[in-house]
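*Asks:* Read top to bottom, the protein sequences are chains B, L, H and V.
Taking our numbering, the leading residue of the first sequence gets -7, the next gets one more, and so forth.
Taking our numbering, the leading residue of the second sequence gets 13, the next gets one more, and so forth.
Taking our numbering, the leading residue of the third sequence gets 2, the next gets one more, and so forth.
Taking our numbering, the leading residue of the fourth sequence gets 133, the next gets one more, and so forth.
Treat the hints as calculated values from the structure; they're not laboratory data.
Mixed in with the good hints there might be a few duds.
[What the hints assert, rightly or not] No more than 20 Å apart at the CA atoms, straight line, and that leaves these computed lysine to any residue pairs for SDA-like: (1) K206(L) - P258(L); (2) K92(L) - D110(H); (3) K197(L) - L207(L); (4) K197(L) - R208(V); (5) K92(L) - P29(H); (6) K206(L) - R255(L); (7) K206(L) - P125(L); (8) K92(L) - F30(L); (9) K206(L) - F159(V); (10) K206(L) - N252(L); (11) K197(L) - L140(V); (12) K197(L) - I136(V); (13) K206(L) - I204(V); (14) K197(L) - I204(V); (15) K197(L) - L193(V); (16) K197(L) - P258(L); (17) K92(L) - D116(H); (18) K206(L) - L207(V); (19) K92(L) - E56(H); (20) K92(L) - G7(H); (21) K197(L) - V196(V); (22) K92(L) - A27(H); (23) K92(L) - M35(L); (24) K206(L) - L217(L); (25) K206(L) - R208(V); (26) K92(L) - E144(L); (27) K206(L) - V196(V); (28) K206(L) - V256(L); (29) K92(L) - L24(L); (30) K92(L) - V33(L); (31) K92(L) - T106(H); (32) K92(L) - T59(H).
[Unchecked claim] Example chain H residues on the side facing chain V (calculated, C-beta under 10 Å, incomplete): (33) T59; (34) A60; (35) I62; (36) E64; (37) G66; (38) Y67.
Backbone N, C-alpha and C fix where the C-beta goes; we use that ideal spot for every residue, glycine too.
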Amino acid sequence: MLLSNLPALQVVVPLVSAPICLLLRRPGHAWACALTVSWAVLVMAVLLLRQVALEGTVSYPLGAWATPWGIEYRIDMLAALVILVIAIIGAVVMPYARRSVMQELDDEHIGAFYTCYLLCLTGLLGIVVTGDAFNLFVFLEISSLSSYVLISLGRDRRALTAAFQYLVMGTIGATFILIGVGLMYMMTGTLNMADLAQRLPAVDDTRTVRVAFAFVTVGVSIKLALFPLHIWLPNAYIYAPSVVSIFLAATATKVGVYVLLRLFFTVFGVQFSFDDMHVGDIIMWLAIAAVLTGSLVAIFQDNLKRMLAYSSVAQIGYIVLGIALATGAGVSAGIIYLFNHALIKGALFMALGGIMLRLGSVELRDLHGLLRQMPWTVAAIIAGGLSLIGVPLTAGFISKWYLVAAALEGGLWPLAFIVLASSLLTVIYVWRIVEATCFRAAGDERPGVREAPLSMLLPTWLLIALNLYIGVDAEVLTGLADTAAAALVGEALP
Amino acid sequence: MQHLVDIVLLGLLMITGFAIVRMRSLLAVTMLTSIYSLFSALLFVVLDAVDVALTEAAIGAGISTILLLATVALTTEYEKVPSHRSLLPLLVVTLTGAALIYGTLDMPHYGDPNAPVHRHVAPDYIEDTPEEIGVPNVVTSVLASYRGYDTLGEVTVIFTAGVGVLALLGVHLRKRTEQPSDYHKLVVLRVIAKLFFPLILLFALYVLFHGDYGPGGGFQAGVIFATGFVLYALTHGLGNAERVIPPALLGILAAAGVLLYSAVGIEGMLLGGKFLEYNVLADDPVSGQHLGILLIETGVGITVAAVILIIYFGFVSRRPGGADAQDPS
Amino acid sequence: MSTLLGHYNYWIVIVLMMTGFYTVIARPNLVKKIIGLFIFQTSVFILFISMAKVEGGTAPIIEEGYSLYSNPLPHVLILTAIVVGLATTALGLALVVRIQEAYGTTNEDDIHVQDETD
Amino acid sequence: MYAIATILILVAIAVGLVRAFRGPTLFDRVMAGNMIGTLTVLLVAVLGFMNGRPEFLDIALVYVLISFISTIAVLRVYVSRHDHADTD
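Go ahead and model the full structure; you've got the sequences and the hints to work with.
*Replies:* Structural data, given as structure tokens:
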């Protein structure tokens, strides 16, 4: 019973636990509930990945209604991988969350916080699992609405304006997606993605479908913060509570990328998306712009959270770059990048959360000589930074390696050059952190500042360890990513 | 005739829309928004979407307007003239609009019975509903059964909004004695409200249980139910309304509705079916469907009513200028 | 002429959508932005409902004597979307109220000024 | 018969809308809003009979309720504070 309903349970378990979490009065109980569920989700994600690896794509009809009349859950290798990313981050961030949340939030908000976290998890998982275009919109809204609330719970009043700006942009994006889905439905009469993929080629020379494609693409681009639609992202990451920054930075935009992949490759098909609509050329330029501006702006930031937020904009650019190549190697590189970047950014933001807890600030000038007082945390930042640059033996190296290889395979050596050049920019801003924390003497005494608590340090180092492990042995990951990419790119071939 | 009404209503909507952009008194704009929503609800009646019309009127013209009023009362009443004028928004909007118009050129014509939307998937809903689900209202059958999972998502969305408002605004208990300053002037209103109150609740139940046969269902019922309490709070003061239905209870109810809905789905799994499969709930599939639909509609109604009240109480228990002493931020 | 009549609904709806969209991105007042979103979304609902209409059809509630019904599926989708719209409006307005309390203004330009000087 | 009624109601709504736009006082707008609400109810009823499905009068009932409550809400929130004319 349990195994055959796994796809539904993957989403239903966090969904059901959200109202239960609200009912638990004590903050500690709410945390325990969220922790248990996060680990259950991870177990299910692993089981699901195994099932997909063994049996191929899994389909689950909700309500037992045949497709396309009912809503279908459809999990292929790509979906299983993205679910795994979300589940890992969720499972690692929850043990971490207790201390950080206790310090950063008022007691009365903690119950609502964990409820919203579970809802956000539900929404993100729901987006990935679903095979129905409208259902995707609904779960997108669940994840978005809950993340607006999570961001607004930050201490600074600017958290409110950041949440508001995100709400406005996010709603515009969602409405664009709704318009696009409506136009697609208008031309085909169906909402099921597989059915859409079958019926769209017959009408893909109509202007309506072209406009539908454009609208959905723009809508999703807002969600994944593709340059120049990224302006909501930095403030949202900076002023949100630390746990929220970690969770959103590591998962939310990745799910946006997933939706983009689904759209280009599964629903519209490679031929329409890339040959007819030339979307590859457009997003490649945007991605290059994102990589360069994101890295450049990051160099000049004195607030570490802001620096990492802009670095995220750049990293999303790399991922999209892989997709824009539209080859098996390129998409595979994009998927590997997505996976690794979630681990890296998760670890980095976690380390920052530790500093925030002890120091109450992440301004560069306040961190001088921090290595003495918080050696493990600073070491984690440096390890994560090296991975961000792409130093060999880290996960970041693997992702950049595959990306450069894919670019060269496509004969695009300028692209490979840009990837390498922007890595140098990354070196600069990572160096600024290293310099401040290791080589500068502390200006004034910081009595009582000591290493972050173990409950926060362990999860951080768990992600770093995972990072290093992938840097050494990436075979499993690349194998799975290749399978996923081949299915995506091959699916649309005649 | 239908065409004429359609054309005129769209024209009125357009004029109202332009007026909303231009006017600077937010109070006037709020009322125009309510009228805008009312017009679109009328349009939905003309376009045969009776369920949607019911919901749009209750949500758009009703609840949203009241929320807007409360917000305007807590903030400023006049919109400032923008300090700088930029052509960029106009450019973006023009481009987007032009793209959409370009997209309409290949669309099937309005009302065309041969459009793809009327040929694939949807006709089977109309054909199969009587035997598979056994309710005359096809919208209800699709909403609650064929695409019941979307509706679970919808309930979760509204639950999220409830939790969000709870976290952002909180609901602070008011004393019963805290009555509106002009309490004594409201005798007529209070008597009418007291007379209406049970009738409104009764009507909400009617909409809930009649949703299988006519326009209505759990969502609309929840809104009407909440509206009854809003009326009570408006006339008898917030403190009294909170005594009738304490805010602490509302949170529990909001969660309970979602749980009831998911419990029906999980029960389907436990009985050997898929998630949200109602056929296995009873001995014969059609009565299983009936039972399932009734239960989930009740769940939807409970959550929606509770969340709307949480939101309403959250807004009206704030004081202008943010002088809410209990709030630390 | 037939294009005009066949698309009248859609074109007006697009004008309505753009009215709302313009209000969102051009107006500095936060309440007005939410109202703009509301108009934008409501207009998209009209787009969906327009496509569901069948000439000569009636509401999709099955009854003796009628054989042509309008398409129920967009109605269902829009019911869901209306709820999502309400959730967004409520959250947005709650944020506006909190912003007013924290900044003493709901004008985007004034808020920027305050943030800069912080 | 129904057609004539429909046209007349539409004209009346348009007239009411003019008052809602021009104001100038809050009461004018409240009045206009309330009037449009009432006319909407009438229009729903007429349309129901015209299309031969008067059982949809449920909708009209909801509209009455909504129109009633939103008018009270506006007045409750504002009238105590606003006795002067607002100008646009």
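*Asks:* Now, for every hint given, state plainly whether the structure supports it.
*Replies:* Now the hints, each set against the structure:
Taking the CA atoms of K206(L) and P258(L), the gap is about 19 Å. The hint holds against a cut of 20 Å. Only pairs whose Cα atoms come within 20 Å are accepted, and K92(L) paired with D110(H) is accepted, the gap being roughly 10 Å. At roughly 18 Å between alpha-carbon atoms, K197(L) and L207(L) fall within 20 Å of each other, so this suggested pair holds. A distance of roughly 11 Å separates the Cα atoms of K197(L) and R208(V); the hinted pair therefore holds under the 20 Å criterion.
Of the supplied pair hints, the one linking K92(L) and P29(H) holds, its CA atoms being roughly 8 Å apart against a limit of 20 Å. Taken as a hint, the K206(L) and R255(L) pair is honoured in the structure, with Cα atoms around 15 Å apart against an allowance of 20 Å. Distance restraint check for K206(L) and P125(L): the Cα-Cα separation of roughly 49 Å exceeds the 20 Å cut-off, and the hinted pair is therefore not satisfied. Between the alpha carbons of K92(L) and F30(L) the distance comes to roughly 18 Å, so the proposed pair stays at or under 20 Å and holds.
For a cut-off of 20 Å, the pair hint linking K206(L) to F159(V) is broken: about 25 Å separates their Cα positions. The suggested pairing of K206(L) with N252(L) holds, with an alpha-carbon distance near 13 Å, which does not exceed 20 Å. Between K197(L) and L140(V) the alpha-carbon distance is near 37 Å, which puts this suggested pair outside the 20 Å criterion. For the given pair, K197(L) sits about 42 Å from I136(V) by alpha-carbon distance, which is inconsistent with the 20 Å threshold.
Taken as a hint, the K206(L) and I204(V) pair is honoured in the structure, with Cα atoms around 14 Å apart against an allowance of 20 Å. This hinted pair checks out: K197(L) and I204(V) have alpha carbons roughly 14 Å apart, not beyond 20 Å. Of the pairs offered as hints, the one joining K197(L) and L193(V) is violated, with about 28 Å between alpha carbons and a cut-off of 20 Å exceeded. Using a Cα cut-off of 20 Å, the hinted pair K197(L) and P258(L) is violated, with the two alpha carbons roughly 26 Å apart.
Between the alpha carbons of K92(L) and D116(H) the distance comes to roughly 19 Å, so the proposed pair stays at or under 20 Å and holds. Proposed proximity of K206(L) and L207(V) is supported: the alpha carbons are some 18 Å apart, at most 20 Å. With a C-alpha separation of about 46 Å, the suggested pair K92(L) and E56(H) falls outside the 20 Å cut-off, and the hint is violated. A hinted pair counts as satisfied when its Cα atoms are at most 20 Å apart, and K92(L) with G7(H) does not qualify at roughly 41 Å.
Only pairs whose Cα atoms come within 20 Å are accepted, and K197(L) paired with V196(V) is rejected, the gap being roughly 24 Å. Proposed proximity of K92(L) and A27(H) is supported: the alpha carbons are some 13 Å apart, at most 20 Å. Of the supplied pair hints, the one linking K92(L) and M35(L) holds, its CA atoms being roughly 11 Å apart against a limit of 20 Å. Straight-line distance between C-alpha atoms of K206(L) and L217(L) comes to about 18 Å, which keeps the hinted pair within the 20 Å bound.
At most 20 Å may separate the alpha-carbon atoms for a hinted pair to count; K206(L) and R208(V) meet this at roughly 17 Å. Under the criterion of a C-alpha separation no larger than 20 Å, the hint pairing K92(L) with E144(L) is inconsistent with the structure, at around 57 Å. Taking the CA atoms of K206(L) and V196(V), the gap is about 17 Å. The hint holds against a cut of 20 Å. Using a Cα cut-off of 20 Å, the hinted pair K206(L) and V256(L) holds, with the two alpha carbons roughly 13 Å apart.
Distance hint between K92(L) and L24(L) is unfulfilled; the C-alpha atoms sit about 27 Å from each other, more than 20 Å. Taking the CA atoms of K92(L) and V33(L), the gap is near 13 Å; set against the 20 Å cutoff, the hint holds. Only pairs whose Cα atoms come within 20 Å are accepted, and K92(L) paired with T106(H) is accepted, the gap being roughly 11 Å. Taken as a hint, the K92(L) and T59(H) pair is broken in the structure, with Cα atoms around 46 Å apart against an allowance of 20 Å.
The interface hint given for T59(H) is met, as the beta carbon of that residue sits about 6 Å from the closest beta carbon of chain V, less than 10 Å. Checking A60(H) against chain V: minimum C-beta separation of about 6 Å stays under 10 Å; hint holds. Checking I62(H) against chain V by beta carbon gives a least distance of about 8 Å; that is within 10 Å, so the hint holds. Hint status for E64(H) relative to chain V: holds, with the closest Cβ pair at about 8 Å, below 10 Å.
Given hint, G66(H) at the interface with chain V, holds; its Cβ is 9 Å from that chain's nearest Cβ, closer than 10 Å. A least Cβ separation of about 8 Å between Y67(H) and chain V falls short of the 10 Å threshold, and the interface hint therefore holds.
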